[in-house]
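Trainee: Please construct the entire structure, taking both the sequences and the accompanying hints into account.
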Amino acid sequence: MSEVMVDVRGVHKSFGPLEVLRGVDLQVRAGEVTVILGPSGSGKSTLLRTINHLEKVNRGWISIDGELIGYRRSGGKLHELKEKEVLKQRTHIGFVFQNFNLFPHLTVLENLVEAPVSALRRPRTEAEETGRRLLERVGLADKTDAYPRQLSGGQQQRVAIARALALEPKVLLFDEPTSALDPELVGEVLDVIKDLAATGTTMIVVTHEIGFAREVADTVVFMDDGAVVEQGPPAAVLDAPHHERTRAFLSKVL
Amino acid sequence: MGLSTDSTAAPPGAAAPGDSPATPPAEDDLAPLKVVPARHYARWVAAAAVIVLVAQFAHGLITNPVWEWHVFRDYVLSETIVQAVGVTLQLTAYATVLGFLLGTVLAFMRLSRSPVLQTVSWTYIWVFRSIPMIVQLVFWFNLSALYDELGVGIPFGPVFWSVDSNSLIGTIGAALIGLSLHQAAYAAEIVRGGVIAVDHGQLEAAAALGIPRLRQIRRIVLPQAMRGILPTAGNEIIGLLKGTSVVYVMAIGELFYQVQVIYGRNGRVIPLLMVATAWYVVLTSLLSIAQYYVERRYARGANRTPPPTPVQRARRLVRDLRAAAARRDRPVVPSKTVGADR
Numbered sequence: 001m002s003e004v005m006v007d008v009r010g011v012h013k014s015f016g017p018l019e020v021l022r023g024v025d026l027q028v029r030a031g032e033v034t035v036i037l038g039p040s041g042s043g044k045s046t047l048l049r050t051i052n053h054l055e056k057v058n059r060g061w062i063s064i065d066g067e068l069i070g071y072r073r074s075g076g077k078l079h080e081l082k083e084k085e086v087l088k089q090r091t092h093i094g095f096v097f098q099n100f101n102l103f104p105h106l107t108v109l110e111n112l113v114e115a116p117v118s119a120l121r122r123p124r125t126e127a128e129e130t131g132r133r134l135l136e137r138v139g140l141a142d143k144t145d146a147y148p149r150q151l152s153g154g155q156q157q158r159v160a161i162a163r164a165l166a167l168e169p170k171v172l173l174f175d176e177p178t179s180a181l182d183p184e185l186v187g188e189v190l191d192v193i194k195d196l197a198a199t200g201t202t203m204i205v206v207t208h209e210i211g212f213a214r215e216v217a218d219t220v221v222f223m224d225d226g227a228v229v230e231q232g233p234p235a236a237v238l239d240a241p242h243h244e245r246t247r248a249f250l251s252k253v254l
Numbered sequence: 001m002g003l004s005t006d007s008t009a010a011p012p013g014a015a016a017p018g019d020s021p022a023t024p025p026a027e028d029d030l031a032p033l034k035v036v037p038a039r040h041y042a043r044w045v046a047a048a049a050v051i052v053l054v055a056q057f058a059h060g061l062i063t064n065p066v067w068e069w070h071v072f073r074d075y076v077l078s079e080t081i082v083q084a085v086g087v088t089l090q091l092t093a094y095a096t097v098l099g100f101l102l103g104t105v106l107a108f109m110r111l112s113r114s115p116v117l118q119t120v121s122w123t124y125i126w127v128f129r130s131i132p133m134i135v136q137l138v139f140w141f142n143l144s145a146l147y148d149e150l151g152v153g154i155p156f157g158p159v160f161w162s163v164d165s166n167s168l169i170g171t172i173g174a175a176l177i178g179l180s181l182h183q184a185a186y187a188a189e190i191v192r193g194g195v196i197a198v199d200h201g202q203l204e205a206a207a208a209l210g211i212p213r214l215r216q217i218r219r220i221v222l223p224q225a226m227r228g229i230l231p232t233a234g235n236e237i238i239g240l241l242k243g244t245s246v247v248y249v250m251a252i253g254e255l256f257y258q259v260q261v262i263y264g265r266n267g268r269v270i271p272l273l274m275v276a277t278a279w280y281v282v283l284t285s286l287l288s289i290a291q292y293y294v295e296r297r298y299a300r301g302a303n304r305t306p307p308p309t310p311v312q313r314a315r316r317l318v319r320d321l322r323a324a325a326a327r328r329d330r331p332v333v334p335s336k337t338v339g340a341d342r
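These protein sequence lines are chains A and B, in that order. With UniProt numbering, letter number 31 in the first sequence gets 31, and the count goes up by one each step, no holes. With UniProt numbering, letter number 127 in the second sequence gets 127, and the count goes up by one each step, no holes.
By construction, these hints were calculated from the structure, which means they are not laboratory data. Hints are not guaranteed to be accurate.
[What the hints assert, rightly or not] Below, computed lysine to aspartate or glutamate pairings styled on EDC-like, alpha-carbon distance capped at 16 Å:
(1) A/Lys252 <-> A/Asp239
(2) A/Lys170 <-> A/Asp65
(3) A/Lys84 <-> B/Glu204
(4) A/Lys82 <-> A/Glu55
(5) A/Lys88 <-> B/Glu204
(6) A/Lys56 <-> B/Glu204
(7) A/Lys194 <-> A/Glu215
(8) A/Lys88 <-> A/Glu67
(9) A/Lys56 <-> A/Glu80
[What the hints assert, rightly or not] Sample of chain A residues with no beta-carbon within 12 Å of chain B, all distances over it, derived:
(10) Glu19
(11) Trp61
(12) Lys77
(13) Pro234
(14) Arg247
Beta carbons: idealized from backbone N, C-alpha and C, even for Gly.
Mentor: Given below as structure tokens:
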């Protein structure tokens with residue numbers, strides 16, 4: 001088996017008095033696709049956001065490819081990293097938002113070029129070349145000079161995926177990538193994610209698309225009330241869940 | 001005649017006999033019926049009344065000898081006045097640049113996570129918005145009474161370098177400092193307003209991509225904030241242009257001061273005030289035009305298809321008129337409209 005790429009250990013997170021994550025453990029192996037399912041408010045998105053340190057954890061720790069996220073261990077202490085160092089770590093973690101969050105004042109190609117040039121100091125021409133190749137890969141080679149608002153939702157999300165890939169991240173995180181899309185546009189985005197899965201990209205996908213989970217996931221994780229209730233291969237979790245709460249959730253969405 | 005035969009504005013009842021169809025249209029088919037526009041009689045009366053008033057005002061402006069338009073003509077492009085306009089423009093330009101630079105710094109201090117920076121910024125804005133500009137200007141003018149020397153050194157410790165405050169600042173310098181500091185307080189709030197209106201997801205996306213912090217602000221946040229900043233900033237700059245007239249209290253040769261000097265000498269108050277007015281109107285108009293194009297530039301990507309500029313619209317109109325003229329010039333080809341031509 002391949003080594004663990006994302007390691008989440010005992011993560012707790014509270015927003016004021018509200019405890020959103022109550023000790024989450026999760027291991028994702030390199031090259032595998034993990035799909036996180038669960039009712040809204042179960043902490044799925046928050047968990048994803050702690051992995052790239054958009055949210056700080058209150059307790060527990062997270063490492064990616066053996067590197068601790070947001071902290072440095074030295075002399076028996078955990079030192080909080082400076083923002084600059086956190087930003088550097090984030091270049092290894094691609095993040096795709098529910099609402100795309102493309103930069104509306106930049107063209108599609110400029111959206112893809114911005115981070116490689118400013119964060120990784122790549123030469124612009126090289127970054128543009130990579131950007132064009134990625135746009136071709138998501139089927140939008142003809143949209144390089146369009147502005148995001150001139151695209152459909154599905155096209156925008158495909159650009160957002162290409163933008164995340166432009167940094168050549170070790171892991172890709174998807175936060176409900178199809179939830180803001182019209183039903184007929186969901187398929188084109190899921191197809192892109194499926195293609196990525198086939199090429200061995202490590203991914204964690206928070207979604208409500210059970211069919212997608214069944215088809216693509218190596219591991220399905222079911223979360224409820226800030227904790228992992230059960231996890232395993234899709235056949236086990238989706239077709240023969242052990243836990244009553246998993247069964248109740250699946251009966252509602254299937 | 002015959003140009004407007006296809007116009008819908010033909011008066012009712014004037015339908016040409018040739019127009020009426022041989023067979024009346026079926027009761028349920030409305031397509032062939034002529035549309036008679038609604039008549040707004042009250043609106044016409046109101047418009048006529050307003051036009052009379054405007055004409056009377058214009059007539060007075062032209063014929064009342066007190067305006068002394070020949071004096072206006074003599075002075076409006078005179079060397080003194082043009083130079084004074086230059087001073088006004090310089091004061092405006094420097095105070096705008098300095099004010100908005102400092103204002104942007106203050107805005108980001110106020111938005112920072114450091115309570116010290118937040119408090120300092122808040123206090124600055126509070127103080128400088130509280131003092132009337134003219135009071136502040138006179139303060140700076142009299143700076144040497146407060147501190148006759150300005151120096152660089154350690155607080156409560158030795159001073160390494162110092163200079164006589166009057167020779168350092170001078171009158172124009174004092175005016176510029178006053179205008180800029182005053183402007184910065186307002187600019188800070190304008191910039192902050194623009195920044196907080198940018199969708200939070202934009203910063204999150206930039207942070208998730210690892211884009212360096214300063215670059216996030218310069219490349220992602222500010223260009224989008226500009227859309228909210230520009231209309232209010234345009235107001236402020238135009239306000240500042242006119243506000244520079246306040247520095248006449250410091251005897252600086254800007255437009256309003258020079259106009260006063262001239263009419264103090266020759267007593268022609270009204271035409272010289274009109275000289276100043278005309279220049280302020282022209283400068284403000286130029287700024288408004290500039291604002292339109294700057295706003296348009298920062299609206300990139302905000303609309304699917306940007307609306308045409310007035311120049312583009314005018315060009316299109318000319319092209320359409322030419323095309324229409326070309327059509328008219330062609331030999332008449334029998335068509336549907338010909339039958340209606342009397």
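Trainee: Each of the hints needs a verdict: does it hold here or not?
Mentor: Against the structure, the hints:
Proposed proximity of A/Lys252 and A/Asp239 is supported: the alpha carbons are some 14 Å apart, at most 16 Å. Distance check on the hinted pair: A/Lys170 and A/Asp65 sit about 8 Å apart at the alpha-carbon level, within 16 Å; holds. Note on A/Lys84 and B/Glu204: the hinted pairing holds, with a Cα-Cα distance of about 15 Å set against a maximum of 16 Å. Restraint check: the Cα-Cα separation between A/Lys82 and A/Glu55 comes to about 14 Å, which is no more than 16 Å; the hinted pair holds.
Annotation: proposed proximity of A/Lys88 to B/Glu204 holds, straight-line Cα distance about 15 Å (limit 16 Å). Distance check on the hinted pair: A/Lys56 and B/Glu204 sit about 14 Å apart at the alpha-carbon level, within 16 Å; holds. Taken as a hint, the A/Lys194 and A/Glu215 pair is honoured in the structure, with Cα atoms around 9 Å apart against an allowance of 16 Å. The straight-line distance between the Cα atoms of A/Lys88 and A/Glu67 is roughly 12 Å, inside the 16 Å bound, and the hint therefore holds.
For the given pair, A/Lys56 sits about 10 Å from A/Glu80 by alpha-carbon distance, which is consistent with the 16 Å threshold. At roughly 23 Å, the least C-beta separation between A/Glu19 and chain B is larger than 12 Å, which holds for a residue marked as non-interface. Every CB of chain B is more than 12 Å from the CB of A/Trp61 (nearest about 20 Å), matching its label as outside the interface. Listed as outside the interface, A/Lys77 is consistent with that label: its C-beta sits roughly 23 Å from the nearest C-beta of chain B, beyond the 12 Å cut-off.
Residue-level check passed: A/Pro234 sits 28 Å from the nearest beta carbon of chain B, beyond 12 Å. The claim that A/Arg247 lies off the interface holds: its Cβ sits roughly 35 Å from the closest Cβ of chain B, which is beyond the 12 Å cut-off.
When held up to the earlier numbered hints, the structure conflicts with none and fits them all.
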